[in-house]
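Colleague: Numbered according to the working numbering, the sequence shown spans residues 70 to 212.
It is possible that part of the hints are untrue.
To be verified - The calculated DSS-like cross-link candidates involving lysine-lysine, where the alpha carbons are at most 30 Å apart (straight line), are:
1. Lys-170 with Lys-121
2. Lys-121 with Lys-173
3. Lys-121 with Lys-133
4. Lys-121 with Lys-140
5. Lys-133 with Lys-173
6. Lys-140 with Lys-173
7. Lys-170 with Lys-140
8. Lys-170 with Lys-133
Derived from the structure by calculation, the hints contain no laboratory data.
Predicted model, so just to flag it, every value in this text is computed and none were measured.
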Amino acid sequence: MLYLATRIEQENVINHTDEEGFTPLMWAAAHGQIAVVEFLLQNGADPQLLGKGRESALSLACSKGYTDIVKMLLDCGVDVNEYDWNGGTPLLYAVHGNHGKCVKMLLENGADPTIETDSGYNSMDLAVALGYRSGLTVSLWGK
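Construct the complete structure from the given sequences, taking the supplied hints into account.
Modeller: Structure representation (structure tokens):
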């Protein structure tokens with residue numbers, strides 16, 4: 070159906086949301102479907118759209134460490150500091166998952182490690198609380 074929608078330029082289908090406000094792009098990003106993400110972006114999917122809880126395709130990809138998808142979305146100019154309903158940012162989700170490559174990409178693209186969640190912690194606080202001693206904390210401190 071998405072393929073047909075792109076052929077007849079039905080943007081409302083390619084950016085259609087489900088009951089949670091998720092678009093096909095968000096679902097593909099959340100499940101690591103690189104080819105689907107690429108196809109959707111090439112055919113007019115809006116990477117800036119947010120779900121009902123302010124979830125972004127970037128945050129969903131970062132939470133699972135899908136670096137190829139993160140790069141594609143960053144190349145589209147998405148807001149690297151977009152926050153969701155509880156103040157979570159793509160960087161916080163990448164740190165939570167200990168996805169160092171995503172953390173590095175986000176920082177290189179302007180992610181702010183000092184942004185706090187509604188609970189009052191930032192990405193460095195989270196890395197320390199989770200006991201990460203690898204290059205992840207070095208990346209955050211080095212920013």
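Colleague: All the hints need checking, so say for each whether the structure fits it.
Modeller: Status of each hint after checking the structure:
1. Between Lys-170 and Lys-121 the CA atoms are separated by roughly 28 Å; this keeps the pair inside 30 Å, and the hint holds.
2. Only pairs whose Cα atoms come within 30 Å are accepted, and Lys-121 paired with Lys-173 is accepted, the gap being roughly 28 Å.
3. A C-alpha spacing of about 20 Å is found between Lys-121 and Lys-133, which places the hinted pair at or below 30 Å, so the restraint holds.
4. For the given pair, Lys-121 sits about 24 Å from Lys-140 by alpha-carbon distance, which is consistent with the 30 Å threshold.
5. Simply put, Lys-133 and Lys-173 have alpha-carbon atoms about 15 Å apart, close enough for the 30 Å limit, and the pair holds.
6. Note on Lys-140 and Lys-173: the hinted pairing holds, with a Cα-Cα distance of about 11 Å set against a maximum of 30 Å.
7. Taking the CA atoms of Lys-170 and Lys-140, the gap is about 10 Å. The hint holds against a cut of 30 Å.
8. Proximity of Lys-170 to Lys-133 is assessed by CA-CA distance (about 11 Å); at most 30 Å being required, the pair is judged to hold.
In terms of the numbered hints stated before, the structure departs from none.
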